[in-house]
Amino acid sequence: MTSNVLRRLWIAVLLGFGLSSPTGAALAAGDVLRLGNAGEPETLDPHRYNLRLEETILTDLFLGLTTFDAEANIVPGAAEGWQVSEDGLTWTFQLRPGLAWSDGEPLTAHDFVYAFRRLLAPDTAASLAYFMYPLANAAAVNAGELPPDRLGARALDDRTLELTLERPYPYLPERLLYPTGYPVPRHVIEAVGDDWVKPEHWVSNGAYRLADWQPQAAVTLVRNPHFAASGLQAPAIERLEYLPLASEQAAYNRYRAGEVHAIGAFPAGELPTVRERMPEHLRLSPLLSIMYLVFNTRAAPFDDVRVREALALAVDRRLLTDRVQRAGHVPSPSFVPALVSDYQPVPEPGADLDRPARLARARALLTEAGYGADRPLSITLRYVSGTETKRTNLAIAAFWREIGVETRLHQAELKVHFADLRQGDFEVAMAGWFGESNPEHYLGLWESSTGDVNYGGFAHPPFDARMAEAAGIADLAERNAVLREAERLGIARYPAVPLYSVTVRRLVSPDLDGWRENPRDAHPARFLRWR
Amino acid sequence: MNQPRTGRALLARLAVSLVTFWVIVTAVFFLLRLAPGGPFDGERQLPPEVEENLRAAYHLDEPLVVQYGRYLGMLARGDLGPSFKQKDFSVNELVASGAPVSLTVGGLALLLAVAGGIGTGVRAGLAPGSALDRTLMGVAGLGLALPSIVVAPVAVLVFAVLLGWLPAGGVDSPAHYVLPPVALALPFLAAIARLTRGSVAETLTEPHVRTALAKGLPAGRVLRRHVLPVALLPVVSYLGPAAAAMLTGSVVIEQVFELPGIGRYFVQAALNRDYTLVMGVVVVYAAFILTFNLLVDLAYTRLDPRIRLGGR
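Line by line, the protein sequences give chains S and F. Residue numbers are given in the numbering used here: position 485 of the first sequence equals residue 493, and the series is strictly consecutive. Residue numbers are given in the numbering used here: position 136 of the second sequence equals residue 229, and the series is strictly consecutive.
Just to be clear, a hint being listed does not mean it is correct.
If you want a taste of the chain F side facing chain S, the calculated C-beta under 7 Å gives, among others [stated by the list, open to error]:
no., residue
1, Glu142
2, Val243
3, Val247
4, Val249
5, Gly262
6, Ala363
7, Leu364
Computed spacing ranges between beta-carbons, pair by pair [to be verified]:
no., chain 1, residue 1, chain 2, residue 2, range
8, F, Ala189, S, Gln419, 18 to 28 Å
9, F, Val112, S, Arg334, 27 to 37 Å
10, F, Asp154, S, Glu94, 15 to 25 Å
Everything labelled a hint here was simulated from the structure, so no lab data went into it. For glycine and all other residues, C-beta sits at the position ideal for the given N, C-alpha and C.
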């Protein structure tokens, strides 16, 4: 009896196998574009967002005052142009004529004012509210010390928006690219409250609007019929699905099984296979980012600049990226990534020495600092757990062994790692910084007034003085020249060891046209079309 | 059977289950908040005023005891609260959207594991020591030794990537529900097969079975009436926690097959310090475990007349 059941069951299972069609054929070009995203969005409210993977979707859903072109250059968005006052404090934006929300309601400068006030209102609890702190009174409004109408944003008429800044900030057009600068539909939010982000209430002003969201399964976007009214190029693809593919292996499998048209990452170990077997799918692009080792300069042994310099000199970046990681990452001798525009980063002082000279100098510095065979330097290196990070940090420990330093490795999950770093509970640790194309974004981490993301508690008054000087300069070239001087002063004190800029490994279907590699790894769907 | 006594005993068991449930909820609530790091820690810096706004929005600025009281109050009303991380959804919405997927995959796996495991186990147990027995148990041993984390990715590689017969992940069609239940069921199937086999082989040597056979009863009838009810007791007690584990979603299976179930929240929400979501899945899991244990106890009294709830 039971064996009969068993037999029938197996037949059912085998039938199941036979019945399903090859899935590769199921995904033809021309209908839905299925994109692998790095995980599940935590929110699609542009004021409450926090993650890059949310930025990816929000870029398709909304249009800020400025926006990207296909290569992620900054171009006019909802604003067709702007003027900056002589002192750099007043920015006047002219909105495009005919702007509309996805429900057809006209979009005006008042919507932007409402959006900036909402972002900074304490009740919104926006974790990235500080992105708009360059606006006058923004921090005070966010802290609840001033009412929202004191914010430096006002509508002169329906199509003219005036932003007043706290201090000159020439990088404002870049800052406005982020979802924190997007308008939100006041008429919907005031009607349905926090439920405005649900697909049934959704209204936005980007090339697409939200059609459906199944948690952990897919976020579905459809074309916004009112986008073309802005005069910007309308999207060619009707429907998008963003799939949360958090695991690189799962993303890789589903891409190879033909279930998605593009994925954001695949396991580094597969790079040689991909290069050999599917080179036409591979898209490698260096990202605006810096991965680095940070020293806790508050306590021994790293309160001694000689020890910091010695450890920096012992690291061989090229060996690390090319032989150990082999993931295409780009070694960076400077803390500000080379990809930052209008800026010439300052490399670490010993960067031009060859390896033997670096090691010799490192050993001499350690001896000078009182360490040697009889009293070896013994330290703990912290990193975020993961197979790729483990290999990287083992290699760093090996570099340091060459100069007689004993390194214990300590791994922790991401939250614990950064909580420890913020509390200054570490000796030396791996960290990273991503995002903007301006030097201040990176150098700010070393300012003594920065707070807890200056993990190592680095404080160097001459550096701080240069940073403060730069913050008052409205002219971009002049400002960046002073920042370069600050970087030179900072790196000479070795608060950190810059290691490499991340390279994004994507697979993109050759059926897709319009996909351009760029340092922000931003690929708005409105530039994509089927071949 | 003494009905009133069984009824009272059942009520007592229910009360014990409720107390256990409360202890679990309380322990997890406080342990979670003892873990280092909080829901709003990330790589980006949060200015103190921003962090204060966030903490106030989620009542994290209140004393722990007040938060605990607030949570118990919501729980009593069936409200699992807003998710800290999935800000656009409540925990109830997330569980409601994930549970059907986990239940479907787990239910199919449960059927497969029970039918396949008992079938294989009885076959092997009826002829202990035979070539068939040794083969089946060898295979079952392998099934036990190979964890899902190994079987599932290999299954994806072979059937989805290389052969292209089945999808690699997601839940868009019935074909998506083939590989995950099979991969989930295998270790449970193997465990049930081994339990059944040992138990059947042992029961065959018992006096009441030998008597039944000596009386000349047909072998099939002896198996159904005299062997299986006794032999399945250990299987039934194993099934309680096993069923709860399968139905509430496997972390590994859901990650490998990219299933939008609730199993993945066990790890993901804990790593995110999404306090309410962790509590939500713990509540669901605890409810399943306690229910199934109760069902197992009831099944015992059915299968074995010597056992009564609360009886001596």
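*Double-check Glu142/F for me: the hint is only fine if its C-beta lies closer than 7 Å to a C-beta in chain S.*
holds, 4 Å
*Interface hint status, Val247/F versus chain S (Cβ within 7 Å)*: violated, 11 Å
_Outcome for the supplied range 27 to 37 Å, where the beta carbon pair is Val112/F and Arg334/S_ = violated, 56 Å
*Given Val243/F was flagged as interface, is its beta-carbon under 7 Å from a beta-carbon of chain S?*
violated, 13 Å
*Interface restraint verdict for Val249/F against chain S (beta-carbon cut-off 7 Å)*: holds, 5 Å
_Let's test the interface hint: is any C-beta of chain S closer than 7 Å to that of Gly262/F?_
holds, 5 Å
_Please check whether Asp154/F and Glu94/S have a Cβ separation lying inside 15 to 25 Å._
violated, 44 Å
*Indicate whether the distance between the beta carbons of Ala189/F and Gln419/S respects the range 18 to 28 Å.*
Since the Cβ atoms of Ala189/F and Gln419/S sit about 36 Å apart, the hinted range of 18 to 28 Å is violated.
*Return the status of the interface hint for Ala363/F: holds when the least beta-carbon distance to chain S is below 7 Å, violated otherwise.*
violated, 9 Å
*Mind checking the CB of Leu364/F against every CB in chain S and telling me if the closest is under 7 Å?*
holds, 6 Å
The structure fails hints 2, 3, 6, 8, 9, 10 (numbered hints given earlier, in ascending order).
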